[in-house]
Amino acid sequence: MKKDIILAGVGGQGILSIATIIGHVAVKKNLHLKQAEVHGMSQRGGDVQSHLRISDKPIFSDLVPHGGADIILSVEPMESLRYLPWLKKEGWVITNTSPYINITNYPEMDVILGELKKRKNHIAIPAEDLAAEAGTKRAMNIVMLGAAAQFLGIDFAELEDGIRAVFGRKGDKIVDVNLKALRAGRDFTDKATA
Amino acid sequence: MEAKLSDKKQLLLGDEAIAQGAIDAGASGFYAYPGTPSTEILEYVQRSRVAQEKGIHSQWSANEKTAVEAGLGMSYAGKRTMACMKHVGLNVAADSFVNSGITGANGGYIIVSADDPSMHSSQNEQDSRFYGKFAFMPVLEPSSQQEAYDMCFYGFDFSEKYKIPVLMRITTRLAHSRSGVELKDPREPNSITLPEDARQFVLLPAISRRRYKKLLETQSKFIEESNNSPYNKYIEAGDKKRGIIACGLGYNYVMENYPDGCPHPILKICQYPLPDKLIKRMAEECEEILVVEEGMPLVEEQLRGFMNAPLTIRGRLDGTLSRDGELNPNMVRVALGMDSMMGDNVPDLVKSRPPAFCVGCGHIDFFKALNEAVKDKHGDGHVFSDIGCYTLAAQPPFESINSCVDMGASITMAKGAADAGLFPSIAVIGDSTFTHSGITGLLDCAIESTNIVVCILDNSTTAMTGGQNSHASGRVRDICLGLGINPEHIRECVPLPKNHEELVKIINEEVAYEGVSVVVPTRECVQTIGKKPKKQ
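First to last, the protein sequences are chains G and Y.
Count the first sequence with numbering that gives the first Met the number 0 and you get residues 0 to 193, in order.
Count the second sequence with numbering that gives the first Met the number 0 and you get residues 0 to 535, in order.
Chain G on its own, in the form it takes in the complex (with noise of 0.2 Å):
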């Protein structure tokens, strides 16, 4: 077993907290794990990514090689597309639909979809909606965790333990929105590979 996801967005908008219960969760399994984040000038809201990279193997490399992700995991549309050189040729590409708008020649919504819609393996998902209905905004990107969920090569059920681990601390009620920010975005990725 081995994936190698890029999780990508915007300095601020909570990537790590992604990788962090994924981390947890391919630990606890025993697995092999190498993330690599980014510090510093790129968190005051300029692009950002993570290479995660989990494996039942020892991993060498701290970064995922060019063409060999699985899935592009992102928080944000533009940012999506940004990463396409890391990614397999049959790899997935997920991501949340709402921008973050903080540059004056942000591209047409259209023109991202677009471009997202010639790949085989996408999946586009309007997380803030689907985080809000499960209780707050904030769980967004615990909405695309959900979404994610069958790419991993995780047990949903590890998942859902490792949001009991990684929130725990912070109380029943933050535990059970995100857990139910992630059955819906779990649920949402099933309806569209249907």
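Hints may contain errors.
Simulated pairs of lysine-lysine, BS3-like, Cα-Cα distance not exceeding 27 Å [what the hints assert, rightly or not]:
| no. | chain 1 | residue 1 | chain 2 | residue 2 |
| --- | --- | --- | --- | --- |
| 1 | Y | Lys504 | G | Lys119 |
| 2 | G | Lys87 | Y | Lys530 |
| 3 | G | Lys87 | G | Lys136 |
| 4 | G | Lys2 | G | Lys88 |
According to the in silico footprint, chain Y covers these stretches of chain G (three or more CB under 8 Å from chain Y) [claimed, not checked]:
| no. | stretch |
| --- | --- |
| 5 | 24-36 |
| 6 | 43-52 |
| 7 | 84-93 |
| 8 | 104-117 |
What the hints contain is simulated information worked out from the structure, not anything from laboratory work.
In this text, a Cβ means the ideal position worked out from N, Cα and C, and glycines have one as well.
With chain G's structure known, arrange chain Y on it following the hints.
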């Protein structure tokens, strides 16, 4: 959010592995100034309950030079210590660093320098291994988080065995990548023991000459240690058409491309000076050597010497690998003679998204006022800036600043330009950068009554690196008074949209004043306000 696997295995960033390694290896103190990608080392120590219980020193230093010197003092007293900085911080500390090779150490001393190839968050991509060579110091370059942890034990032991500080060189990718790390049993810290030679640290010429000779004589022992190091290994393989020397993370990128094992001999190097016997062996056995090293071609240049060696050497100098920038698996793959694995191109519609000021940041209000008072009136070209969030004012829509060179250079460059006759000459510096390296420059200005305006943007924190304590907090005015700045020309103000007219007026008045003016726009960083507990 952190995931703890067990008491003996933890998921750690490279930076965190170093911190935990040094704590477990018996460090009594850490000294550092924040700088990406090194910041998380000291932050981890500050959060560590064990470090608190043991009373391990973990306060930030004013700058990297004071950090390396304080570390040397703790080593003098016989205790194990670690100083941490980013690569350009080692320039600031260079005086104390290079001389600490001559003084030597007493308690184990590891100096960590975190390089930033590809300049993700830096002004240059210098390679700290050159500093190690320059100072005749052993260098450790971990290839994994586990090695980073283990090398803290090894490094302290090495340092105490040869009474020499050890440089640990890491790069961004290791610093900010997480992996599982097996922990060892912790060791007790040293008790206070003064150096056997009470004059060891007195670098009077007569003593320095003796110490320097000793350092040179010890080099052969360091090389022998490198030949036998657990971190340098010669991995035998059948196809000798090519041998590969892979340093630090370069080893991982080579191995990534050979999932079933590498057909060529590999010499993995993670400890310097270079292991001469292992290199000679490869040179004898192989027809060609490919050098894969992160950063500058330190090993490749040493292999080449001044004349062409009889065998072919490939690497960054002959273009087999890019001369600059960070390595990645695909670059190394192509250098190994395999096809590129590059996926699809980035579509043209994807626009660059540079970092920008946070919404509500006080710097926005300051630069709006500065532009109106200076750029609109006197034209572009009058503003010397510094290292920090405010450097983002170089970008549209502000395009306010004309320089950013090194910590503190805003004030001194503005001084030089004012001396040359540039009017107005404006310096823009943050509070933490001011106490790091700005104070001495402002003293130069005060002594000469230089005609400049120094704007010290006080947001009560070291913001760009994530909100570490600033030595300047609440002290900017007193420091300026102490330097001899006229109190009437130390102008504090609050950068808010509603104060725009007042800010412009203050800057205009101080530009008009002939002499040193200090303008202090003071408003807390919106990021650190957001992080504070609500009940306070």
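Taking the hints in turn, this is what the structure says about them:
1. Annotation: proposed proximity of Lys504 (chain Y) to Lys119 (chain G) is violated, straight-line Cα distance about 60 Å (limit 27 Å).
2. With a C-alpha separation of about 39 Å, the suggested pair Lys87 (chain G) and Lys530 (chain Y) falls outside the 27 Å cut-off, and the hint is violated.
3. Between Lys87 (chain G) and Lys136 (chain G), the direct Cα distance comes to roughly 31 Å. Violation of the 27 Å bound is thereby established for this hinted pair.
4. Distance restraint check for Lys2 (chain G) and Lys88 (chain G): the Cα-Cα separation of roughly 15 Å lies within the 27 Å cut-off, and the hinted pair is therefore satisfied.
5. Taking a C-beta to C-beta cut-off of 8 Å, the stretch 24-36 of chain G contributes 8 residues in contact with chain Y, enough for the three needed, and the coverage statement holds.
6. With 5 residues bearing a CB less than 8 Å from a CB of chain Y, the stretch 43-52 of chain G meets the requirement of three and the coverage assertion stands.
7. Counting residues of the stretch 84-93 of chain G whose CB lies closer than 8 Å to any CB of chain Y gives 6, which reaches the minimum of 3, so the coverage claim holds.
8. Closer than 8 Å: that is the beta-carbon criterion, and the stretch 104-117 of chain G has 6 residues meeting it against chain Y, so the requirement of 3 holds.
Checked against the numbered hints above, the structure breaks hints 1, 2 and 3 and satisfies the rest.
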